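Participant: The lines below spell out each chain.
Protein chains: 2
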Amino acid sequence: MKQTFITDAAAHVDQVVTMKGWVANIRSSGSIAFIQLRDGSGFMQAVIVKSDVDEASWELVNKVTQESSVALMGTISAHPKKEGVFELQVTSIELIHIAEEYPIGNKEHGPDFLMEHRHLWLRSKKQWAILRIRDVVETAINEYLHQEHFIRTDSPIFTPNACEGTTDLFPVPYFDLGEAFLSQSGQLYIEAAIGSVGRCYDFGPVFRAEKSVTKRHLTEFWMMDAEAAFVEHDENVGLQEGLVKHIVASCLKNCTKEFEILERDVTPLQAVVDKPFTRYTYTEAIEKLHELGSDIKFGEDLGNDDEGLLTKDSDVPVFIEKWPKNIKPFYMKIDPEDSAHVLNDDLIGIEGAGEIIGGSQREDNFDLLLERIREDGLDEKEYSWYTDLRKYGSVPHSGFGIGLERMVRWMSGVAHIRECIPFPRTVNRLKP
Amino acid sequence: MKQTFITDAAAHVDQVVTMKGWVANIRSSGSIAFIQLRDGSGFMQAVIVKSDVDEASWELVNKVTQESSVALMGTISAHPKKEGVFELQVTSIELIHIAEEYPIGNKEHGPDFLMEHRHLWLRSKKQWAILRIRDVVETAINEYLHQEHFIRTDSPIFTPNACEGTTDLFPVPYFDLGEAFLSQSGQLYIEAAIGSVGRCYDFGPVFRAEKSVTKRHLTEFWMMDAEAAFVEHDENVGLQEGLVKHIVASCLKNCTKEFEILERDVTPLQAVVDKPFTRYTYTEAIEKLHELGSDIKFGEDLGNDDEGLLTKDSDVPVFIEKWPKNIKPFYMKIDPEDSAHVLNDDLIGIEGAGEIIGGSQREDNFDLLLERIREDGLDEKEYSWYTDLRKYGSVPHSGFGIGLERMVRWMSGVAHIRECIPFPRTVNRLKP
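For the record, the sequence lines run as chains L and B. Taking our numbering, the leading residue of the first sequence gets 1, the next gets one more, and so forth. Taking our numbering, the leading residue of the second sequence gets 1, the next gets one more, and so forth.
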């Protein structure tokens, strides 16, 4: 019989169905047993009354272990008091596979043990919830960008040169062509693609060979880069705000159960959807930080502490825009009103989320771009295809990149970014 | 003034708008000029009547070159005879950037020249159409899988071992952990993830260090792998057919203009949407091939010629299922009715599209799986996390992988796969 998914229970109340899944939990008391069934789409309680099932089914009640796979036949009933809660009144049980003693029990496990068992750890309720939030975030990004006329144009992973200098790259021997480097960002490529499709984005894995071991670093993570022709700094900031609002609204709409499981208080997220984000210039941000007691010097990058300080009393994310030119990459457009600064922005999330987005208007003038490439000591020949874009109908354009795992971490409210990607890769971890 | 996109013209008829884009073409005759404007969302004719515009605007008509970027102010009018065709009656022109002489002219260019100029070649009408079809195919895949209860769970790129043996891998030095290999398929990982989410898919770049130089090979290409718990061979084949029908229907609905530009006759695609696909067993396929004059031997893999022969008189794609076990990988489930064959399928597209999908039911029995791993001479320790999945609530499950570029190639009707990805990477090509 065709499988009915737990998530579709509401549409099958009082119907006879077959549900398939894993035993997350089972308890019995003489003549009645309760299985918490997990089928990937959700969790549901199945009630087995000894007198209502055949002997073989009741025998299984005493046999099935945690994580065993089963098919349960029965009728779906709505909980008399709790809306949206359903139970399966079981008429018969079929065992699919009896699980050996499950290594991830109820006791606490260290992170190394859990990471070593990531292929099983994913089954735990919290990890299930995070995987699903990740899917909702990815879907929301695709939705919003298509609404705003962006189309997806995937950037290459094998690249001949680095987007932002040449540190922290993974080299790969590439046939007779020497070495390729794994992409750190697809930005330069989608800047080329806007000449064709106007607005576009890539969304895929990027790589940093950074030896950092922190709660916010992975060697392989997913990045979405968007780029739009004819969009200048202010509109660029507006698109970023729109995207974050759409992602947060999607999670609030679609992830109620996931948030419950994660015990994530979503109250602070409503303001993110409803209220305009704060905008500080870099200069204002530094002044504000000094008021708040930071000893950051003008011209320095913000540390995690500074980001935390700047957002701790804010109920909305904070843009920091127009940073000093000399701490930002060559492709950012210089502010025509202040040549020491560039038309860029970083978006800092609330609740300790840290930097979520980095964006900028790009330098569209051939001569100025070439000057910046030379100033940064980069090989202008390597970038000739990129500077070409400023020769043939150059246009004002802007873009931004959003780190998927950082966004998922913020939405999920979990501490460590390694839980925000199915199979995390860090300096010390390549398995499973 | 806010940019109005060409694709939204129908909603702005008789309104005064600003359109921004590139000059794809310009011709003038004394007192009237026509610009074919390209803004990424579409193409539109702009009409400039000398007596209707100011002197500065008319001067620009004689100055702008192909690929120059402009803003055109004017009123949108509907074509009196052709439905869905609009024109811009220009009242004023603003030059954004005058293009140097464009290297990609009207004359024929060789593939090397075009590939070297891929960052500009993308702007040509055909390449624009292919990029957009690719976006529609990707979106259709995401849509269909979500409808069918799949969620996206990205697989890692850095892997400690190969999915299908150890040939043709790209090795990458990985900190103190030795070498990582770039993923050839995320299948094993999503098999783990179904234990959490039931049905899932990954969709990202995969890598083959194969020295093949053909019209169908890239070293880096996009693959979607889907995997579903409790799904057996027949249902698996049904999901694949449903997905291909949905992709084709989406292209037919959303890519009318793109097909026109590519001069792609879409008549054959309607049958793909409407009619059930053909299913041959491998044995039937070989017999059929012999009838058709092929000298393929029983037990051999099908070549391109065989695929072509088998589909040349078919108006729908053809599944070839239940292949000999000894030419297929260890993870495919042996047919319980015939232990020499496995429960797998390849889907061959029509119109010379070749193999589009490969799928199979997976071996879910721990002992049988281990035996196959040993038979194939693989290191069972490296796969212990994968065999673990058969210890804790193993379930019948199946999955399949679809090559994005091959699907885009079929839909676009272009000869070479290198045109089906924004920045192709081949044995001889790493730039731009």
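No wet-lab data here; the hints were simulated from the structure. Accuracy of the hints is not assured; some may be wrong.
Since the list can't tell identical chains apart, any single copy or any two copies may satisfy a pair.
Here are the simulated lysine to any residue pairs, SDA-like style, with alpha carbons at most 20 Å apart [claimed, not checked]: (1) Lys2 with Asn254; (2) Lys215 with Ile350; (3) Lys81 with Lys312; (4) Lys2 with Glu232; (5) Lys211 with Pro160; (6) Lys253 with Glu143; (7) Lys253 with Gln147; (8) Lys50 with Val16; (9) Lys82 with Glu148; (10) Lys126 with Ile334; (11) Lys381 with Pro103; (12) Lys245 with Asn428; (13) Lys2 with Glu148; (14) Lys82 with Asn254; (15) Lys245 with Thr311; (16) Lys381 with Glu116; (17) Lys431 with Ser384; (18) Lys431 with Leu177; (19) Lys245 with Thr18; (20) Lys431 with Phe175; (21) Lys63 with Leu309.
Bear in mind that the values here come from a model prediction, so they are computed numbers and not experimental data.
Participant: Work down the list of hints and note, for each, if the structure agrees.
Facilitator: Hint check:
no.: 1; hint: Lys2 with Asn254; verdict: neither (25 Å within a copy, 33 Å between copies)
no.: 2; hint: Lys215 with Ile350; verdict: within (17 Å within a copy, 50 Å between copies)
no.: 3; hint: Lys81 with Lys312; verdict: neither (40 Å within a copy, 61 Å between copies)
no.: 4; hint: Lys2 with Glu232; verdict: between (53 Å within a copy, 12 Å between copies)
no.: 5; hint: Lys211 with Pro160; verdict: between (22 Å within a copy, 19 Å between copies)
no.: 6; hint: Lys253 with Glu143; verdict: both (14 Å within a copy, 18 Å between copies)
no.: 7; hint: Lys253 with Gln147; verdict: both (18 Å within a copy, 17 Å between copies)
no.: 8; hint: Lys50 with Val16; verdict: within (18 Å within a copy, 75 Å between copies)
no.: 9; hint: Lys82 with Glu148; verdict: neither (39 Å within a copy, 28 Å between copies)
no.: 10; hint: Lys126 with Ile334; verdict: neither (45 Å within a copy, 35 Å between copies)
no.: 11; hint: Lys381 with Pro103; verdict: between (56 Å within a copy, 18 Å between copies)
no.: 12; hint: Lys245 with Asn428; verdict: neither (35 Å within a copy, 44 Å between copies)
no.: 13; hint: Lys2 with Glu148; verdict: between (39 Å within a copy, 13 Å between copies)
no.: 14; hint: Lys82 with Asn254; verdict: within (19 Å within a copy, 43 Å between copies)
no.: 15; hint: Lys245 with Thr311; verdict: within (17 Å within a copy, 49 Å between copies)
no.: 16; hint: Lys381 with Glu116; verdict: between (45 Å within a copy, 13 Å between copies)
no.: 17; hint: Lys431 with Ser384; verdict: between (39 Å within a copy, 11 Å between copies)
no.: 18; hint: Lys431 with Leu177; verdict: between (30 Å within a copy, 10 Å between copies)
no.: 19; hint: Lys245 with Thr18; verdict: neither (39 Å within a copy, 28 Å between copies)
no.: 20; hint: Lys431 with Phe175; verdict: between (27 Å within a copy, 14 Å between copies)
no.: 21; hint: Lys63 with Leu309; verdict: neither (55 Å within a copy, 54 Å between copies)
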